[in-house]
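Chemist: Listed below are the residues making up each chain.
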Amino acid sequence: MSVAEVMAEVTSVAAGLPAGQWMINLCEQRYAFLVGFCAALLRQQTTLLPLSRAEQVVSELGAAYPGSYSWDDGAGQDALRGELTGSRAGVVALPSLAADQCAFVGFTSGSTGPPTPHAKLWSSLSGSTARNASRILETIAPVPGGSRPWIVATVPPQHMYGMEMSVLLPLLGDMPVHCGRPLFPGDVAATLAEVPAPRVLVTTPVHLRALVESGLEFPDLALVISATAPLETSLAVRAERRLRARVLDVLGSTETCAIATREGARESAWRPHAGVVLTPGPAGTMVEAPWFDKPALLQDIVEFLPGGCFTLRGRNADIIEIAGKRASLAELTQRLLAVSGVSDAIVFQPEAADLGLAGRVSALAVAPGLTAASILERLRESVDPAFLPRPLVLVAALPRNALGKLPREQLLGALRAAAAGVPCDTLIASKESPNTKA
Amino acid sequence: MPAPQTAQERELAQLIVSALNLEDVQPESIDPEAPLFGAGLGLDSIDALELALGISKQFGFQMRSDEESNKRVFGSLRSLSGYIQQNRKT
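Going down the list, the sequences are from chains A and B.
Per the working numbering, residue 99 is the first one in the first sequence, and the count goes up by one each step.
Per the working numbering, residue 295 is the first one in the second sequence, and the count goes up by one each step.
FYI, nobody ran anything at the bench for these hints, they're computed from the structure.
In this text the structure is predicted, and so the values were computed from the model without any measurement.
By construction, the Cβ of each residue, glycine as well, lies at the ideal position given by its N, Cα and C atoms.
Careful: at least some of the hints might be erroneous.
[Unchecked claim] In silico SDA-like links for lysine to any residue, alpha-carbon gap of 25 Å or less: (1) B:LYS351 x A:GLY519; (2) B:LYS351 x B:GLN308; (3) B:LYS351 x A:GLU338; (4) A:LYS392 x A:HIS216; (5) B:LYS383 x A:LYS392; (6) B:LYS351 x A:GLU315; (7) B:LYS383 x A:GLY313; (8) A:LYS392 x A:ALA162; (9) B:LYS351 x A:GLU419; (10) B:LYS351 x A:VAL310; (11) B:LYS351 x A:GLU311; (12) B:LYS383 x A:GLU419; (13) B:LYS383 x A:PHE316; (14) B:LYS351 x A:GLY313; (15) B:LYS351 x A:ALA287; (16) B:LYS383 x A:ALA162; (17) B:LYS383 x A:GLU315; (18) B:LYS351 x A:LYS503; (19) B:LYS383 x B:GLY336; (20) B:LYS351 x A:PRO317; (21) A:LYS503 x A:GLU419; (22) B:LYS383 x A:ALA288; (23) B:LYS383 x B:GLY332; (24) B:LYS383 x A:VAL310; (25) B:LYS351 x A:ARG336; (26) B:LYS351 x A:ALA288; (27) B:LYS383 x A:ALA287; (28) B:LYS351 x A:GLY284; (29) B:LYS383 x A:ARG340; (30) B:LYS351 x A:ARG340; (31) B:LYS383 x A:HIS216; (32) B:LYS351 x A:ALA106.
[To be verified] Selected chain B positions facing chain A (Cβ under 10 Å, derived; list incomplete): (33) GLN308; (34) VAL311; (35) ASP318; (36) ALA333; (37) GLY336; (38) ASP338; (39) ILE340; (40) GLU344.
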């Protein structure tokens, strides 16, 4: 689609939007998302990006922002009166927006209480997107004939990474995007073939591993971008060999947007975007940059290297990432405890995600009279599917020690016992538990 | 009482359980007409990727999800098994 065609649709959608100040954009379809987001910008409405699409999360968000309304694929389809699937969006040229316009609010999961909002001003999005674009262009240089790279993304537009790479790069970085969201390796190959070279694939380690292991041949790629979870060197090396393109690992967060990159196959240290300043602190690392409207906290602990590069040395153990999404174990535990009939519970992550494998969470729960299946069904109303415990093991009591803490070994022991078929009413691992039976 | 599984559905159920490390699920207990994704077995797109790899190794073809006709195949064990039987090379 031409720039003019897209702008005509954005303008027409904008005219029909409700009068609220906040648009909750739930679109899974990238074109509907992009058109809704641009239309909201034209109407000077701020887009809210909920942590997940779980219905309770969305309704809590609506309650926290009176005057908000939802915009989803159905609304997009009605407004656009046409096919949403398979649209190839080109670049969109918005009329210039005020630097201090609040384009959207992203949310992160807090350990306690409601999600933490992070407002993004147009000026700071412009700054970080400009740096993302130039880092991409310098990595794929020389670009044949100076043509613009086309983006194909496997990630959804709602999270920071998808927003930056598949929505803002087309809007601000002059890089057109394919609106599909291919899932299987066969789909990814087919979608890549639908756009001209040079092609940039925006994906995650979980997806990249699937592509590499599929054995498929892919169309020529200029660059592969990976983010949201640690990218193991061995996977980056294999990916470069199979996909015949450099793999650029990107470090960012909802709080900071993308702030650093490295070529995962050959660099272990991150190269910050020019202008980024990192200051270590007790809870993580403060990040500042000329395009930020205020400093932001990165949850990781940083170690500086000569030349301005840095490596990461561990992070807040409460925060976990699965395939591009972030959650707090403490918050997940609260959601599980909120299920009626659950009297005690703990959500934990037995294996950290590595080598591109998704490290699922597990849970123990005390819920007499309930089944794991019924609890999971309730939990699905408030928790993103990627974070539903697998397995959820019912126990007579949590294995607390004398201090009331839950040692990790006891939690893992309970999981092993459950896997070995030990009946759940005898699963009391700690001798110090007050409910110990003979 | 869930519908009984055919031999081919049982084979697929075993693949699902092993490919996805569903330690607490017995393959024969998967109702062939119940949902696999979202509700029912509760699989998500990360599982779909892992499963597609297992399917390509065992049945010799690449899964696709981008055609409208493909999307229905994930509705249940039965529909996925039918799709595999139609497309298998090994």
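Chemist: It remains to establish, for every hint, whether it holds in the given structure.
Modeler: Structure-based check of each hint:
1. For the given pair, LYS351 of chain B sits about 30 Å from GLY519 of chain A by alpha-carbon distance, which is inconsistent with the 25 Å threshold.
2. Of the pairs offered as hints, the one joining LYS351 of chain B and GLN308 of chain B holds, with about 14 Å between alpha carbons and a cut-off of 25 Å not exceeded.
3. Restraint check: the Cα-Cα separation between LYS351 of chain B and GLU338 of chain A comes to about 22 Å, which is no more than 25 Å; the hinted pair holds.
4. With a C-alpha separation of about 11 Å, the suggested pairing of LYS392 of chain A with HIS216 of chain A holds against the 25 Å cut-off.
5. Distance restraint check for LYS383 of chain B and LYS392 of chain A: the Cα-Cα separation of roughly 57 Å exceeds the 25 Å cut-off, and the hinted pair is therefore not satisfied.
6. Between LYS351 of chain B and GLU315 of chain A the CA atoms are separated by roughly 16 Å; this keeps the pair inside 25 Å, and the hint holds.
7. A hinted pair counts as satisfied when its Cα atoms are at most 25 Å apart, and LYS383 of chain B with GLY313 of chain A qualifies at roughly 16 Å.
8. With a C-alpha separation of about 23 Å, the suggested pair LYS392 of chain A and ALA162 of chain A falls inside the 25 Å cut-off, and the hint holds.
9. In summary, the hint linking LYS351 of chain B to GLU419 of chain A is not supported, as the alpha carbons are separated by about 28 Å, beyond the 25 Å threshold.
10. Taking the CA atoms of LYS351 of chain B and VAL310 of chain A, the gap is about 14 Å. The hint holds against a cut of 25 Å.
11. For the hint pairing LYS351 of chain B with GLU311 of chain A, the CA-to-CA distance comes to about 10 Å; that is within 25 Å, so the pair holds.
12. Straight-line distance between C-alpha atoms of LYS383 of chain B and GLU419 of chain A comes to about 36 Å, which puts the hinted pair past the 25 Å bound.
13. Proposed proximity of LYS383 of chain B and PHE316 of chain A is supported: the alpha carbons are some 21 Å apart, at most 25 Å.
14. Of the pairs offered as hints, the one joining LYS351 of chain B and GLY313 of chain A holds, with about 10 Å between alpha carbons and a cut-off of 25 Å not exceeded.
15. Of the pairs offered as hints, the one joining LYS351 of chain B and ALA287 of chain A holds, with about 18 Å between alpha carbons and a cut-off of 25 Å not exceeded.
16. Taken as a hint, the LYS383 of chain B and ALA162 of chain A pair is broken in the structure, with Cα atoms around 53 Å apart against an allowance of 25 Å.
17. A threshold of 25 Å between alpha carbons decides the hint, and for LYS383 of chain B with GLU315 of chain A the separation of about 18 Å falls inside it, so the pair holds.
18. The hinted pair formed by LYS351 of chain B and LYS503 of chain A fails the criterion: a straight-line CA distance of about 44 Å is larger than 25 Å.
19. Simply put, LYS383 of chain B and GLY336 of chain B have alpha-carbon atoms about 28 Å apart, too far for the 25 Å limit, and the pair is violated.
20. Distance hint between LYS351 of chain B and PRO317 of chain A is fulfilled; the C-alpha atoms sit about 22 Å from each other, no more than 25 Å.
21. The hinted pair formed by LYS503 of chain A and GLU419 of chain A meets the criterion: a straight-line CA distance of about 24 Å does not exceed 25 Å.
22. Our distance criterion of 25 Å between C-alpha atoms is met by LYS383 of chain B and ALA288 of chain A, whose separation comes to about 20 Å.
23. Annotation: proposed proximity of LYS383 of chain B to GLY332 of chain B is violated, straight-line Cα distance about 29 Å (limit 25 Å).
24. Restraint check for LYS383 of chain B and VAL310 of chain A: the C-alpha separation of about 21 Å stays at or below 25 Å, so the hint holds.
25. Under the criterion of a C-alpha separation no larger than 25 Å, the hint pairing LYS351 of chain B with ARG336 of chain A is consistent with the structure, at around 19 Å.
26. For the hint pairing LYS351 of chain B with ALA288 of chain A, the CA-to-CA distance comes to about 20 Å; that is within 25 Å, so the pair holds.
27. Of the supplied pair hints, the one linking LYS383 of chain B and ALA287 of chain A holds, its CA atoms being roughly 20 Å apart against a limit of 25 Å.
28. Annotation: proposed proximity of LYS351 of chain B to GLY284 of chain A holds, straight-line Cα distance about 14 Å (limit 25 Å).
29. Proposed proximity of LYS383 of chain B and ARG340 of chain A is supported: the alpha carbons are some 24 Å apart, at most 25 Å.
30. Annotation: proposed proximity of LYS351 of chain B to ARG340 of chain A holds, straight-line Cα distance about 18 Å (limit 25 Å).
31. For the hint linking LYS383 of chain B to HIS216 of chain A, the alpha-carbon distance of about 50 Å lies beyond 25 Å, and the restraint is violated.
32. For a cut-off of 25 Å, the pair hint linking LYS351 of chain B to ALA106 of chain A is broken: about 47 Å separates their Cα positions.
33. The closest approach between the C-beta of GLN308 of chain B and any C-beta of chain A is roughly 17 Å, which is over the 10 Å cut-off, so the hint fails.
34. Hint status for VAL311 of chain B relative to chain A: violated, with the closest Cβ pair at about 12 Å, above 10 Å.
35. Hint status for ASP318 of chain B relative to chain A: holds, with the closest Cβ pair at about 5 Å, below 10 Å.
36. Taking 10 Å as the C-beta cut-off, the interface hint given for ALA333 of chain B holds, the closest approach to chain A being about 7 Å.
37. The interface hint given for GLY336 of chain B is met, as the beta carbon of that residue sits about 6 Å from the closest beta carbon of chain A, less than 10 Å.
38. Against a cut-off of 10 Å between C-beta atoms, the interface hint on ASP338 of chain B holds, since the closest Cβ of chain A lies about 4 Å away.
39. The interface hint given for ILE340 of chain B is met, as the beta carbon of that residue sits about 5 Å from the closest beta carbon of chain A, less than 10 Å.
40. With a least beta-carbon distance of about 7 Å to chain A, the hint placing GLU344 of chain B at the interface is held under the 10 Å criterion.
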